[in-house]
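6 protein chains.
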Amino acid sequence: MGVGSAQYSHQLDNVFTVGERIEMIRRVLAKEGLLNRCLIVPIPDIGQHALWVSVVLQYCPKFDVVYTNEPLTRRLFLEAGFRVEEIPKFNREVYDATRIRRLMIEGGDWESYVPDEVASFIKEIGGVERIRDLTRSDKVVKV
Amino acid sequence: MGVGSAQYSHQLDNVFTVGERIEMIRRVLAKEGLLNRCLIVPIPDIGQHALWVSVVLQYCPKFDVVYTNEPLTRRLFLEAGFRVEEIPKFNREVYDATRIRRLMIEGGDWESYVPDEVASFIKEIGGVERIRDLTRSDKVVKV
Amino acid sequence: MGVGSAQYSHQLDNVFTVGERIEMIRRVLAKEGLLNRCLIVPIPDIGQHALWVSVVLQYCPKFDVVYTNEPLTRRLFLEAGFRVEEIPKFNREVYDATRIRRLMIEGGDWESYVPDEVASFIKEIGGVERIRDLTRSDKVVKV
Amino acid sequence: MGVGSAQYSHQLDNVFTVGERIEMIRRVLAKEGLLNRCLIVPIPDIGQHALWVSVVLQYCPKFDVVYTNEPLTRRLFLEAGFRVEEIPKFNREVYDATRIRRLMIEGGDWESYVPDEVASFIKEIGGVERIRDLTRSDKVVKV
Amino acid sequence: MGVGSAQYSHQLDNVFTVGERIEMIRRVLAKEGLLNRCLIVPIPDIGQHALWVSVVLQYCPKFDVVYTNEPLTRRLFLEAGFRVEEIPKFNREVYDATRIRRLMIEGGDWESYVPDEVASFIKEIGGVERIRDLTRSDKVVKV
Amino acid sequence: MGVGSAQYSHQLDNVFTVGERIEMIRRVLAKEGLLNRCLIVPIPDIGQHALWVSVVLQYCPKFDVVYTNEPLTRRLFLEAGFRVEEIPKFNREVYDATRIRRLMIEGGDWESYVPDEVASFIKEIGGVERIRDLTRSDKVVKV
Numbered sequence: 012m013g014v015g016s017a018q019y020s021h022q023l024d025n026v027f028t029v030g031e032r033i034e035m036i037r038r039v040l041a042k043e044g045l046l047n048r049c050l051i052v053p054i055p056d057i058g059q060h061a062l063w064v065s066v067v068l069q070y071c072p073k074f075d076v077v078y079t080n081e082p083l084t085r086r087l088f089l090e091a092g093f094r095v096e097e098i099p100k101f102n103r104e105v106y107d108a109t110r111i112r113r114l115m116i117e118g119g120d121w122e123s124y125v126p127d128e129v130a131s132f133i134k135e136i137g138g139v140e141r142i143r144d145l146t147r148s149d150k151v152v153k154v
Numbered sequence: 012m013g014v015g016s017a018q019y020s021h022q023l024d025n026v027f028t029v030g031e032r033i034e035m036i037r038r039v040l041a042k043e044g045l046l047n048r049c050l051i052v053p054i055p056d057i058g059q060h061a062l063w064v065s066v067v068l069q070y071c072p073k074f075d076v077v078y079t080n081e082p083l084t085r086r087l088f089l090e091a092g093f094r095v096e097e098i099p100k101f102n103r104e105v106y107d108a109t110r111i112r113r114l115m116i117e118g119g120d121w122e123s124y125v126p127d128e129v130a131s132f133i134k135e136i137g138g139v140e141r142i143r144d145l146t147r148s149d150k151v152v153k154v
Numbered sequence: 012m013g014v015g016s017a018q019y020s021h022q023l024d025n026v027f028t029v030g031e032r033i034e035m036i037r038r039v040l041a042k043e044g045l046l047n048r049c050l051i052v053p054i055p056d057i058g059q060h061a062l063w064v065s066v067v068l069q070y071c072p073k074f075d076v077v078y079t080n081e082p083l084t085r086r087l088f089l090e091a092g093f094r095v096e097e098i099p100k101f102n103r104e105v106y107d108a109t110r111i112r113r114l115m116i117e118g119g120d121w122e123s124y125v126p127d128e129v130a131s132f133i134k135e136i137g138g139v140e141r142i143r144d145l146t147r148s149d150k151v152v153k154v
Numbered sequence: 012m013g014v015g016s017a018q019y020s021h022q023l024d025n026v027f028t029v030g031e032r033i034e035m036i037r038r039v040l041a042k043e044g045l046l047n048r049c050l051i052v053p054i055p056d057i058g059q060h061a062l063w064v065s066v067v068l069q070y071c072p073k074f075d076v077v078y079t080n081e082p083l084t085r086r087l088f089l090e091a092g093f094r095v096e097e098i099p100k101f102n103r104e105v106y107d108a109t110r111i112r113r114l115m116i117e118g119g120d121w122e123s124y125v126p127d128e129v130a131s132f133i134k135e136i137g138g139v140e141r142i143r144d145l146t147r148s149d150k151v152v153k154v
Numbered sequence: 012m013g014v015g016s017a018q019y020s021h022q023l024d025n026v027f028t029v030g031e032r033i034e035m036i037r038r039v040l041a042k043e044g045l046l047n048r049c050l051i052v053p054i055p056d057i058g059q060h061a062l063w064v065s066v067v068l069q070y071c072p073k074f075d076v077v078y079t080n081e082p083l084t085r086r087l088f089l090e091a092g093f094r095v096e097e098i099p100k101f102n103r104e105v106y107d108a109t110r111i112r113r114l115m116i117e118g119g120d121w122e123s124y125v126p127d128e129v130a131s132f133i134k135e136i137g138g139v140e141r142i143r144d145l146t147r148s149d150k151v152v153k154v
Numbered sequence: 012m013g014v015g016s017a018q019y020s021h022q023l024d025n026v027f028t029v030g031e032r033i034e035m036i037r038r039v040l041a042k043e044g045l046l047n048r049c050l051i052v053p054i055p056d057i058g059q060h061a062l063w064v065s066v067v068l069q070y071c072p073k074f075d076v077v078y079t080n081e082p083l084t085r086r087l088f089l090e091a092g093f094r095v096e097e098i099p100k101f102n103r104e105v106y107d108a109t110r111i112r113r114l115m116i117e118g119g120d121w122e123s124y125v126p127d128e129v130a131s132f133i134k135e136i137g138g139v140e141r142i143r144d145l146t147r148s149d150k151v152v153k154v
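Sequence order for the protein chains is A, B, C, D, E and F. Residues in the first sequence are numbered consecutively from 12, following this note's numbering. Residues in the second sequence are numbered consecutively from 12, following this note's numbering. Residues in the third sequence are numbered consecutively from 12, following this note's numbering. Residues in the fourth sequence are numbered consecutively from 12, following this note's numbering. Residues in the fifth sequence are numbered consecutively from 12, following this note's numbering. Residues in the sixth sequence are numbered consecutively from 12, following this note's numbering.
Bear in mind the hints are in silico, worked out from the structure with no lab data behind them. Certain hints may be false.
The list makes no distinction among identical chains, and a pair is therefore deemed to hold if it is satisfied within one copy or across any two copies.
[Stated by the list, open to error] The calculated lysine-lysine pairs, modelled on DSS-like cross-linking and capped at a C-alpha distance of 25 Å, are: (1) 100 x 42; (2) 42 x 134; (3) 73 x 150; (4) 150 x 42; (5) 100 x 150; (6) 134 x 73.
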């Protein structure tokens, strides 16, 4: 499992450090007894799409198939000659990262849409306060 | 001829790799018999405008005049003491990159607005499929 | 006094080089006789929020309290265990960077909202012309 | 387990890509039945020692103790207030990376000094040929 | 023709800017009437060998064969599945960059070992003075 | 006063963070009553010599003369058309950074060769222990 944008955090799209994201995945995999069948690999963005496939190849053990629903990732791996498969979506309208972050910001019931291990970890590290701060600004006049 | 943003590709504003962009220019210049009078130089963005003039000077053989219509490039070279000239516009409303990309995305007649060599090269490398994929997203809720 | 985004300039949000920004601050501090009580430190953005506190620590002499109104900076230093204080606001609606830049672009009376030393320096280096150029574009069709 | 210098490979000191290094470790841990008790985390070098501790904190789940024999890593974590412990050395004169690489280059018996899984993996990917090529040069006169 | 290490100059190994190197090659090709059969492409080093092939592919139009005598470049392209050919050496002991630079530093007859166009260009830009300065140091005690 | 290599520290050539270096200079200037006549500006290395002059211009307020004894800096500013002056040397054989660092490593009398403010600051932050650690290695076989 590649965890992308590894160097980013404290952004609305990447709230958590890659270490925190790995910990969330690890706790869920541990509970499901899957830890010895999965490898979690953080992969930093290189900022140059033409190099992205090489970066993934560099960070990961050899793989045969790429599973992704992200159109750019899919295109880049297709152009590089890889087999790319879709990830079956499970109730995508509800389990959507942007929607869940919005619930966190607005004080809604976000805990129901993430695994229990993830919910308790996010509370442990003050994740809700962090995401709320990320939406604040000290600007008066908007550009 | 400087080809800027050399490290970028697979973005809506920079669809093609710099190698692909050089190839398009090269084919047109070859057809016009101008190859031995032009030098095509890819120039990477440095991301720091105050260094941009130095980057261009570093990548290009000595030059006396800068031809550009881009206001930031014009200002940076003016502040560095260069002579900057405008490029005469030819039917600018019609030969506009954003408009042509939109035609490609929407299945319109984009081929009429680029040289034949460019149109056939773009088809050769699946450029239309690429630009369409770049407009797709797997997000459900918009930020 | 940390001057952030040190590597950027010629952008709407960072019009001036960090050297120019230092010069503006220096002239005001000199007039107020405060130069020997302040240290002005340019700090480049690292682009990775999780490293930002370490970058500030690396560039600055030891400090005990952080004064900032910027929510992200405040959060990052709080998470790192620092004491963070607000800067008392003085007539914030009027002395707002975005509003003053807008006055410069539209030919309004911006000089009344910056110290005299800053106004004369900005004229000295053609700052108003620069900021106006930064708002121009050679694009016809908007994305 | 942090695997440092993650972005480097094909160098005498970092012969293998980080993906290949992860694979070697993974195969040994798998054989020992330790996969579900360890987490392997690639960590890229940032090239600025003052930021290194923050990079490690960013990439790894929370940790309490740092195990290392590398003096610079030890110093950086000590200065950041961490507890740092030595890794007990096992026959260090013999199991030394530089010595084993030298055996590979000179055609000696290197296989005896690495786990069987690692030896077979290195042969699988042509690692010995790679390391030999890295010692070659096309220079005639030495600087 | 790829001109590597494009971002470096004023180093003993890369004395000239990539723009100056392009100009030297261009003058020789022009004299030989080969300008319309060659494309000169500056390629910046990425500092990560595992990405190097992708960088070259990104900067260059499509190619089928790689000509190089540099062992690392050869290995990287071989691992990526390319056909790699040697460049026939012509009097390699004499036409050696390190040796010619040494002649420039020591005031020897370097002009006999480069094309006339290159010799006159190097004199035009004060290249000999530059290379001599690069060998100087203001250090007293050596590390 | 430009303080170069601003992003480096914990290296034999750049032992201290740029914040620590600024603090040393600041304490000496304060004692001499020179703080309001000097500006201390940290300048990060860009790693590309052809851009170095632009980086210095970007970080510093406008200047007319460059004082340096470093041959590369001198050459780069001369090529950019600046006036460059030497710094008069004061007992250079004795007040040499490499020699003083060696005294620190070997337990010699280094305090006599730096200002009192610097000596006490270095002790305050454990600078001698740091520089000694930087000379250590956990390698057994040398490359």
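Requested in this report: Classify it for me, residue 73 with residue 150: is the Cα-Cα distance of at most 25 Å met within a copy, between copies, both or neither?
Outcome: neither (47 Å within a copy, 29 Å between copies)
**Report entry** Intra- versus inter-copy proximity for residue 42 and residue 150 (alpha-carbon distance at most 25 Å)
**Finding:** Neither: 44 Å inside a chain and 28 Å across chains, both beyond 25 Å.
Query raised in the report: Is the C-alpha distance from residue 100 to residue 150 at most 25 Å within one copy, between copies, in both cases, or in neither?
Result: This pair counts as between: shortest inter-copy Cα distance 12 Å, intra-copy 39 Å.
Query raised in the report: Given identical chains, is residue 134 near residue 73, meaning Cα to Cα at most 25 Å, within a copy, between copies, both, or neither?
Result: Only across copies: residue 134 and residue 73 sit 15 Å apart there, 36 Å inside one copy, limit 25 Å.
Report task. Using 25 Å as the alpha carbon limit, work out where residue 42 and residue 134 are close: within a copy, between copies, both or neither. Result -> Answer is within: at 18 Å inside a copy they meet the 25 Å cutoff, but 36 Å across does not.
Report task. Have a look at residue 100 and residue 42 and pick one of within, between, both or neither, based on CA distance no larger than 25 Å. Result -> The answer is within: 22 Å in one copy meets 25 Å, while 34 Å across copies does not.
When held up to the earlier numbered hints, the structure conflicts with 3 and 4 and fits the remainder.
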